[in-house]
Structures are given as C-alpha cells and as structure tokens.
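As you go down the protein sequences, you meet chains B and U in turn. If you read the first sequence in the working numbering, its first letter stands for residue 1227, the second for the next number, and so on. If you read the second sequence in the working numbering, its first letter stands for residue 1227, the second for the next number, and so on.
Fair warning: there could be bad hints in the mix.
Intra- or inter-copy, both count: the list cannot distinguish identical chains.
[What the hints assert, rightly or not] Below, in silico cross-link-like pairs of lysine to any residue (SDA-like), each with a Cα-Cα straight-line distance of 25 Å or less:
no. : residue 1 : residue 2
1   : K1455     : V1398
2   : K1522     : A1275
3   : K1520     : C1405
4   : K1360     : A1249
5   : K1463     : S1441
6   : K1329     : T1410
7   : K1360     : N1378
8   : K1409     : V1398
9   : K1409     : E1474
10  : K1409     : E1506
11  : K1409     : L1523
12  : K1463     : R1399
13  : K1409     : R1399
14  : K1463     : N1401
15  : K1520     : E1309
16  : K1520     : N1406
17  : K1448     : E1428
18  : K1520     : E1273
Hints listed in this document are in silico derivations from the structure and should not be mistaken for laboratory results.
2 protein chains.
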Amino acid sequence: MEQNLVIGVDIGGQTAKCGVVDARGTVICQTVIRSDQHEAAEPFIAELAVALKRIVKEAGVEGRIRGIGVGAPNANYYTGDIENAVNLSWGRSGTIHFASLLKDAMDGIPVTLTNDANAAAMGEMTYGAARGMKNFIMITLGTGVGSGIVINGEVVYGHDGFAGELGHTTIVRHNGRLCNCGKTGCLETYCSAIGVARTAREWLDMSDTPSVLRSLENITSKDVYEAAKEGDELARKVFDFTGTLLGEAFADFIQFSAPEAIVLFGGLARSKEFLTEPIERAMNANVLPLWRGKVKLVYSSLKESDAAILGASALAW
Amino acid sequence: MEQNLVIGVDIGGQTAKCGVVDARGTVICQTVIRSDQHEAAEPFIAELAVALKRIVKEAGVEGRIRGIGVGAPNANYYTGDIENAVNLSWGRSGTIHFASLLKDAMDGIPVTLTNDANAAAMGEMTYGAARGMKNFIMITLGTGVGSGIVINGEVVYGHDGFAGELGHTTIVRHNGRLCNCGKTGCLETYCSAIGVARTAREWLDMSDTPSVLRSLENITSKDVYEAAKEGDELARKVFDFTGTLLGEAFADFIQFSAPEAIVLFGGLARSKEFLTEPIERAMNANVLPLWRGKVKLVYSSLKESDAAILGASALAW
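Based on the sequences and whatever the hints tell you, model everything.
Here it is in structure tokens:
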C-alpha cells in the first residue's frame, strides 16, 4: 500500500514555504511563494492552492495527501481563522476563514491551522528533539519570542485558541522596554534577536567599554554573536544578560506546567554556546528545589531549512 | 438502584477533615480527626481508616463507597505518594506510599491523591463556580498561595506530578521577600494572608500614616480586612497593593494557558470587596489586548466549611 503524506505550509510576512512530507519527516518536494503581493486573502489562497497542486504533481503523489497543516501568525486552531494579522498584507483587518477557504481550493483536503510556535512544537514532538515527550515548552527565539506549550502530549490552545503567548510575559516589571503589543517589559523586547541587538546598542551608548561592535553601523544579533565568538567582552555580557532573563522566565514557566524540557528553536538559539550557561544558572536559581537541575534545556534537532514546513505538516497527521 | 458515593479527606498540618459525599456535592456525614499526633504515617493511616469506616457506618452507606479522594500537602497524583511534607508530623522525611497504604486499610477501595489546591480546582469544577468550564486557574489565598490549573477539563500535573506551583512564581524580581521555599520575591510572600499582614506591619513601621492597626499587638490579615471595612486608609492601600501584585501575576498566567476564568478561594478571598478592583485593573493592564476585559475573575461558590472535603471527594469520581 502506498504511504500517506501530508502538506506543511508556513506563512510568514514575505513568503509562504510549502512542502510535501512523509511520516518519517522527510520533505519530499517543496516550494516557496510570495505572501506579500495581495491585499485580499482570496487571490493569495488561490495562488497557494495552485502551488500546492503543482508540487503534489511534481512529486507524483496525487491522491495520497491526507491533510494540510498551516502555521501562520494570529491563527486560531479552534476556528481555522486568521484574525487581525498585522504582519500579513492580506490579513490586517478582520477575520479570514483561512482553513475553510484553502480546503475548498484544495478540493476538500482537510486543513488545520495554528500559529508558527505551536506548529514548531508539533514539529519537534513529531520528528525532532521532543520525540517521545508528553510535557515540554517550545520557545522560538526569532525576531520575536514565540511559544508552544505541550501538556499530556497535546498543544495547549486554551479557552479561545490563543494560549501560549509567553513572549509577552512581563520580565522587567518597572521601566521595561515598550513592546509592539503596547505593553512594557515583555520577554520578547529583551530576548528576541531584535532585543539582543537593542541591548548591545544601549550598552554601547551608555558606556565606553571597548567593543568590536562600535565600528558597525547597524548592529544585528548576528553581529553580537560573531563578536562574542571573537571574545568581545561586551558582546558576551549581552548574551549573559539575555540568557539570565530567559532563565528567570523559564523558571516561572516550569512552576506552571512542570515540563520535562524547555526546547529552544530559532535564529537566536544558534548562539547556544553563549546562552546555555546563563539560562541554566538563572533557571535553577529561580525554581523550587524539587525541579532544580531536573528540567532539561534542549535545542531543536530539525534541519533549519525544513523546520517550518515540518512543524506545519505535523498538524496534519 | 442505590446512588454511588465517595469519600473526601483533606489533610492539613493539624487536622484531617473527612466526609461522605454524594454526586450532587452534599456532604452527608463528616468528621474531623487530629493529624499531628503521630511521628510515623502507618498509625495515622490506621486511625484515619477507623474514622472513615465509622462515618460510613453512621450514614448507613456501607458498600456504596466508590472511591476515596485525598487532598494533602506534597502529594503526587501519579504515584499516590506524599513526599517530604515538612508540615506533616509524620511526613517530614522521605516518601510515604499514602494511597496504597490507605487503600489496604480500607479493604481495597481505590484512593486518589493530589495537593490541596488541585483538589480545590476539582471541587470547583465538579460542584462549584467552575462547573462547565474546561479551562480555568484556581488560586487559593490562604496562609500560602496555592494553585490548580485546569486545561481541557483536566488538572495539569506535568511531567512529574507537581505542576501548578504558581504561589512560587517571582512577582518581585529584585530585593523581594524571602520565602519559606528558599527563593525570594515569590507571589505567596506578598499575596497570602501572612503576606498581607507583613505588608501592613512593614508599612506601619516605615511611615507615620495614622491607622487603627497601630493599636494592635499582632496584626493578622483579618485585622487588615476589618480596618479596611472601617475605612482605614493604610489598610485599604495594603489591599490595593496586594490586588495589584495578584493581577500582574494573573496576567502572565493568562498568557500561558488562556483560561476562561481565574477562580479565587481561601481566607483572603473573603476580602473580595477590596481585592477585585485592583486585581482586574492590573490584570487587564498586563495582558495582551486580545484578552483585555475577557477573562473572568470569579470567587468560589462552595460553602467554606465543606469546600476542602468536596474538593478532595471530587478526585474520587
């Protein structure tokens, strides 16, 4: 009998990555389309359906697609809708019945939708570092800080479908940085790629510590990482600070759901050589004794180029 | 056919409250025994079994007990053990196989064990203010701050059975109060009955604001409540401060599991006339816009004298 397959679609502000995936987590055919060329959702969905049918045909697997999983910002798992997604040119205002529209355009193949961090958690559980785990917290360290929480083997969606916004927990209670969400002191204003670059720039302005970063025009988190690798003191302290805040936040997350592990993914997680030690130190200093030294800190084991597609596809099984 | 019944046992440091409960949440027969008279667990469990058999006989319901639910400190739902319970004279060191020992002493009636706050959450869901809710967070405001988290209709136990220690999340990050757990700045050092009394005493020492509390030798949270009712400014500010910290903490809990409601129970929750406004204000100021004004704050609807027994009994269904 021929193996069942699924499709994973990861929708970001500029592009949508699409792939056909088998049960072992191999992306057997993939493509990327632009996601920022439309003001309305319907023409984008029509274009997406054309692209998906094309890769299914190219791979010669017509009739074997069991479902489509979609990771997208502001996606509601319960309703299949995308709601007020400010980062999507066609999703800014109101509610788009994305799952239902795509299902129709794909001749009835079932479509499941969730946000990117929840999709990443599904991906790690199905094919990656969290295989076999029933309780873990996925933290994505990208331009923002996202999260997907798994309890008893299931992603937590909560009462309304939007659970797991751990990037917006308050890590600096007074005089914290202003976040895009309108609040201040959110974890993601400090511990995202953007937050790391901002910390470096602030510290360079506030001190005269010598640093290779002083010669750069626009500092990115990658620059800070490169500088830290070269032994730059200030850059290393930026990572120490970032890791400490992450560890403090993780301690409270552990006290909530007692996970087996915290799983890290995303561009900033590549700096693990500078993040692991401060994270573990702060995490263990801020949890109850019963969890001290017991909760694992692990990094995604998925191939980075495939991870987004794999995460979305895992929803479809 | 005769109705099935369960037994609820709530074990505290001084007493164990026991009752026979029907499916509608009526305590049809109850008793209280001392829990602080033994250094070893076995003789306490033997005494408890005698007391339980006596109330079953008094109620004339022999043979109709379907299960026994026990709420106790440091109780592990997965294993049925009580582990290192410093507040129990017979539970201080090591592991007591409580569920299995009590089951044997009760001629094989199944015994389920969890901590008191999880039991309270089960009680609210089965008979109380959270009936019909599938996602809520129970916060018990007593001498400490406990919590029971319900997601998809089930209490969250986590990887090891100890999830839901929200009283030990850090609410004051720097120079916070020392907690019994060894950490500093834990929510329960500020927002428990003991924390409220401590805030009042600190503020009286640090200022010369006039207050009826100045005439008292040992201030309790009840004194602060009585003073607030009389219009005492300082006492009202203590509740405003306490409620604000609770609301800030609840905002982060909401961002974790997106509950339908936060349910409050315990001695301090009786001060709701002074707590509700600051809690709701701080909670709504610190959540993402999508939850603003949407998550309910509700108070336990169980009769206080029955609540502990009902909570424990709810485990047994």
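Tested hints:
When the C-alpha separation of K1455 and V1398 is checked against a cutoff of 25 Å, the pair qualifies neither within a copy, at 28 Å, nor between copies, at 34 Å. In the homo-oligomer, the alpha carbons of K1522 and A1275 never lie at most 25 Å apart, since the shortest distance is 40 Å inside one protomer and 41 Å across protomers. For a Cα distance limit of 25 Å, the shortest separation of K1520 from C1405 across copies, 21 Å, qualifies, whereas the shortest one inside one copy, 32 Å, does not. Only within a single protomer do K1360 and A1249 lie at most 25 Å apart by alpha-carbon distance; the minimum there is 19 Å, versus 32 Å between protomers.
In the homo-oligomer, the alpha carbons of K1463 and S1441 lie at most 25 Å apart inside one protomer (18 Å), although the nearest pairing across protomers, at 51 Å, exceeds that limit. When the C-alpha separation of K1329 and T1410 is checked against a cutoff of 25 Å, the pair qualifies neither within a copy, at 39 Å, nor between copies, at 52 Å. For the identical chains of this complex, K1360 and N1378 are neighbours both inside a copy (5 Å) and across copies (15 Å), given an alpha-carbon limit of 25 Å. For the homomeric pair K1409 and V1398, the shortest alpha-carbon distances inside one copy (11 Å) and between copies (18 Å) are both at most 25 Å.
Both within a single protomer and between protomers do K1409 and E1474 lie at most 25 Å apart by alpha-carbon distance, with minima of 19 Å and 12 Å respectively. Proximity of K1409 to E1506 under the C-alpha cut-off of 25 Å is restricted to the inter-copy arrangement: shortest distance 16 Å between copies versus 27 Å within a copy. With identical chains, the CA atoms of K1409 and L1523 are at most 25 Å apart between copies only, with a shortest distance of 21 Å across copies and 28 Å within one. Taking the shortest alpha-carbon separations for K1463 and R1399, both the intra-copy value of 21 Å and the inter-copy value of 20 Å come in at or below 25 Å.
In this assembly of identical chains, K1409 and R1399 lie within 25 Å of each other by CA distance both inside one copy and across copies; the values are 11 Å within and 18 Å between. Taking the shortest alpha-carbon separations for K1463 and N1401, both the intra-copy value of 21 Å and the inter-copy value of 22 Å come in at or below 25 Å. Taking CA atoms no more than 25 Å apart as the test, K1520 paired with E1309 passes between copies only; the shortest distance there is 16 Å, against 38 Å inside one copy. Taking CA atoms no more than 25 Å apart as the test, K1520 paired with N1406 passes between copies only; the shortest distance there is 21 Å, against 34 Å inside one copy.
In this assembly of identical chains, the alpha carbons of K1448 and E1428 lie at most 25 Å apart only when taken from the same copy (16 Å versus 47 Å across copies). Taking the shortest alpha-carbon separations for K1520 and E1273, neither the intra-copy value of 48 Å nor the inter-copy value of 37 Å comes in at or below 25 Å.
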